[in-house]
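Student: Okay, here's what each chain looks like letter by letter:
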Amino acid sequence: MSLSNNEINEMYLDVLKELGNIGTGNAVSALAMMIGRKINMKVPVVKMVKLQEVPEILGGAEIPVVGILLNVEGDIEGFIMFVMSQASAHLLVNMLVGTTLNGYSEFTDIEKSALMEIGNILAGAYLTALSSLTGFKMIQSVPQLAEDMAGAILSFPAIQFGGTGDTALYIETEIFEESSKIIADFFLIPTIESYQKMLKALGVA
Amino acid sequence: MMEIIKVGMADLNVTTYPNALTTLGLGSCVGVCIYDTKTKAIGMIHIMLPYSWGVKNNTNPAKFADTGIPLLIEKMEELGVAKKNMVAKLAGGAQMFEVTRSEFMNIGKRNVEAAKKVLQDLGISIVAEDTGGNYGRTIIFYSEDGRLEIKTIGKGTKTI
Numbered sequence: 001m002s003l004s005n006n007e008i009n010e011m012y013l014d015v016l017k018e019l020g021n022i023g024t025g026n027a028v029s030a031l032a033m034m035i036g037r038k039i040n041m042k043v044p045v046v047k048m049v050k051l052q053e054v055p056e057i058l059g060g061a062e063i064p065v066v067g068i069l070l071n072v073e074g075d076i077e078g079f080i081m082f083v084m085s086q087a088s089a090h091l092l093v094n095m096l097v098g099t100t101l102n103g104y105s106e107f108t109d110i111e112k113s114a115l116m117e118i119g120n121i122l123a124g125a126y127l128t129a130l131s132s133l134t135g136f137k138m139i140q141s142v143p144q145l146a147e148d149m150a151g152a153i154l155s156f157p158a159i160q161f162g163g164t165g166d167t168a169l170y171i172e173t174e175i176f177e178e179s180s181k182i183i184a185d186f187f188l189i190p191t192i193e194s195y196q197k198m199l200k201a202l203g204v205a
Numbered sequence: 001m002m003e004i005i006k007v008g009m010a011d012l013n014v015t016t017y018p019n020a021l022t023t024l025g026l027g028s029c030v031g032v033c034i035y036d037t038k039t040k041a042i043g044m045i046h047i048m049l050p051y052s053w054g055v056k057n058n059t060n061p062a063k064f065a066d067t068g069i070p071l072l073i074e075k076m077e078e079l080g081v082a083k084k085n086m087v088a089k090l091a092g093g094a095q096m097f098e099v100t101r102s103e104f105m106n107i108g109k110r111n112v113e114a115a116k117k118v119l120q121d122l123g124i125s126i127v128a129e130d131t132g133g134n135y136g137r138t139i140i141f142y143s144e145d146g147r148l149e150i151k152t153i154g155k156g157t158k159t160i
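Same order as they appear, the protein sequences are chains H and Z.
Sequential numbering of the first sequence, starting at 1, is according to UniProt numbering.
Sequential numbering of the second sequence, starting at 1, is according to UniProt numbering.
It is possible that some hints are incorrect.
Claimed, not checked - Simulated pairs of lysine to any residue, SDA-like, Cα-Cα distance not exceeding 25 Å:
1) LYS151/Z x ILE63/H
2) LYS112/H x LYS84/Z
3) LYS151/Z x ARG37/H
4) LYS197/H x TRP53/Z
5) LYS200/H x THR128/H
6) LYS84/Z x ASN19/Z
7) LYS155/Z x GLU147/H
8) LYS109/Z x GLN144/H
9) LYS151/Z x GLN52/H
10) LYS155/Z x THR108/H
11) LYS109/Z x LEU199/H
12) LYS155/Z x GLY60/H
13) LYS112/H x GLN95/Z
14) LYS38/Z x TYR17/Z
15) LYS197/H x VAL55/Z
16) LYS50/H x TYR51/Z
17) LYS50/H x ASN60/Z
18) LYS50/H x PRO50/Z
19) LYS109/Z x VAL142/H
20) LYS6/Z x GLU62/H
21) LYS151/Z x LYS197/H
22) LYS50/H x ARG110/Z
23) LYS109/Z x GLU53/H
24) LYS6/Z x VAL49/H
25) LYS155/Z x GLU106/H
26) LYS50/H x GLY146/Z
27) LYS151/Z x GLU62/H
28) LYS50/H x VAL55/Z
29) LYS50/H x THR59/Z
30) LYS200/H x VAL55/Z
31) LYS50/H x ASP66/Z
32) LYS6/Z x THR108/H
33) LYS155/Z x GLY59/H
34) LYS47/H x THR134/H
35) LYS151/Z x GLU106/H
36) LYS116/Z x GLY25/H
Claimed, not checked - Each pair of labels, with its calculated beta carbon distance range:
37) ILE160/Z x ILE139/H: 38 to 46 Å
38) PHE176/H x GLU144/Z: 46 to 54 Å
39) SER179/H x GLY132/Z: 36 to 44 Å
40) SER52/Z x GLU53/H: 52 to 60 Å
Calculated from the structure, these hints are not laboratory results.
A virtual CB, placed ideally from N, CA and C, is assigned to each residue, including glycine.
Working from the sequences, and respecting the hints, build out all of it.
Tutor: Here it is in structure tokens:
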């Protein structure tokens with residue numbers, strides 16, 4: 001079967017949306033336990049976006065963002081990437097370490113570690129959801145973090161998807177904690193072979 | 001009135017004096033800028049990948065160095081620029097993450113290499129470049145004198 005990400009159908013999107021839901025649910029529970037507070041989430045938005053639109057997703061190609069990237073290995077291979085605005089990342093760090101940061105200066109090493117740990121937890125939750133749905137075994141690597149312009153960070157998932165089509169799979173998640181709203185974008189980037197394997201396992205190909 | 005025209009990801013454009021071209025937040029992608037000081041015509045392409053061969057659904061030639069750069073040259077020729085008068089400037093090709101998976105290894109570097117190879121094959125000389133590193137770049141290319149302004153977050157602005 002030859003398939004590109006331009007041809008992903010509605011049915012597949014529904015499955016991914018459900019997956020996003022379960023994954024985010026798991027992640028939010030883990031995060032709530034970590035900070036000891038109640039957190040709510042919105043149903044994730046799952047869609048295919050045109051590559052040209054990718055840099056604009058977070059509100060502009062030049063907006064400073066934080067990207068957390070993890071390798072996935074095992075039955076499914078590829079990448080998982082989380083992208084947040086600097087403001088959202090600061091809110092998350094504040095929730096986690098219980099501090100209030102002034103301004104949007106660069107993150108300290110401890111704050112970066114905290115963000116990478118969040119990446120670990122979120123990725124773990126998504127992969128657990130995917131694993132329980134498909135039966136595939138997946139191992140995540142140590143996360144990497146980069147702070148830069150949205151366009152530059154988002155070019156990573158865009159390029160990985162660019163080899164297979166003109167669109168990228170995109171999941172937007174909103175997490176609430178009292179008055180704070182955190183929006184995190186999530187990119188699932190399986191290799192072509194893994195894409196097809198996943199589709200088959202999810203019963204849509 | 002000078003107009004600054006945006007070039008999106010996997011996109012290209014050309015313009016004439018007094019306009020400028022810009023592309024925002026280049027990461028591993030490469031911005032290839034072509035100009036001729038005599039006619040003051042300029043062109044810019046934002047390439048994402050080195051080569052189109054072996055890629056399914058390669059419907060957008062501007063995505064790749066091998067198909068996009070020749071297309072950009074054609075558009076410049078349509079503006080009346082002779083190929084022998086064209087010179088190029090390059091920016092971008094950063095490595096935003098230290099990726100360990102070999103097949104995706106340093107796409108930024110491969111993009112720069114491919115852009116150079118394609119330009120060389122077309123006989124267009126590269127007069128300046130600001131490539132590599134691990135940070136993003138916004139570039140503005142002026143038709144007035146072919147200067148290329150490069151903005152970064154935390155690393156200042158420079159002109160090549």
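Student: Are the Cα positions of LYS6/Z and VAL49/H separated by 25 Å at most?
Tutor: Measuring from Cα to Cα gives roughly 19 Å; hence the hint holds.
Student: Given the proposed pairing of LYS116/Z with GLY25/H, does the C-alpha separation stay at or below 25 Å?
Tutor: violated (47 Å)
Student: Holds or violated: are the alpha carbons of LYS155/Z and GLU147/H at most 25 Å from each other?
Tutor: Measuring from Cα to Cα gives roughly 13 Å; hence the hint holds.
Student: For the pair we were handed, LYS155/Z and GLU106/H, check the Cα-Cα distance against 25 Å.
Tutor: The hint holds at about 13 Å.
Student: Would you check the hint for LYS151/Z and GLU106/H, treating anything up to 25 Å between C-alpha atoms as holding?
Tutor: Within the cut-off at roughly 18 Å; holds.
Student: For the pair we were handed, LYS197/H and VAL55/Z, check the Cα-Cα distance against 25 Å.
Tutor: holds (19 Å)
Student: Just to be careful, I want the Cα atoms of LYS109/Z and GLU53/H compared with a cutoff of 25 Å; is the pair within it?
Tutor: Cα-Cα ~24 Å, so holds.
Student: Mind checking the alpha carbons of LYS155/Z and GLY60/H for me, to see if they're no more than 25 Å apart?
Tutor: holds (20 Å)
Student: Taken at face value, is the distance from the CA of ARG110/Z to the CA of LYS50/H at most 25 Å?
Tutor: Roughly 23 Å separates the two Cα atoms, so the pair holds.
Student: Between LYS200/H and THR128/H, does the CA-CA distance stay at or below 25 Å?
Tutor: Judged against 25 Å, a Cα distance of about 18 Å means the pair holds.
Student: Need the status of pair LYS6/Z, THR108/H: alpha-carbon distance at most 25 Å?
Tutor: violated (34 Å)
Student: Using the C-beta atoms of SER179/H and GLY132/Z, is the stated range 36 to 44 Å upheld?
Tutor: holds (43 Å)
Violation of the numbered hints given earlier is confined to hints 2, 3, 11, 21, 26, 32, 36, 40; the remaining hints are satisfied by the structure.
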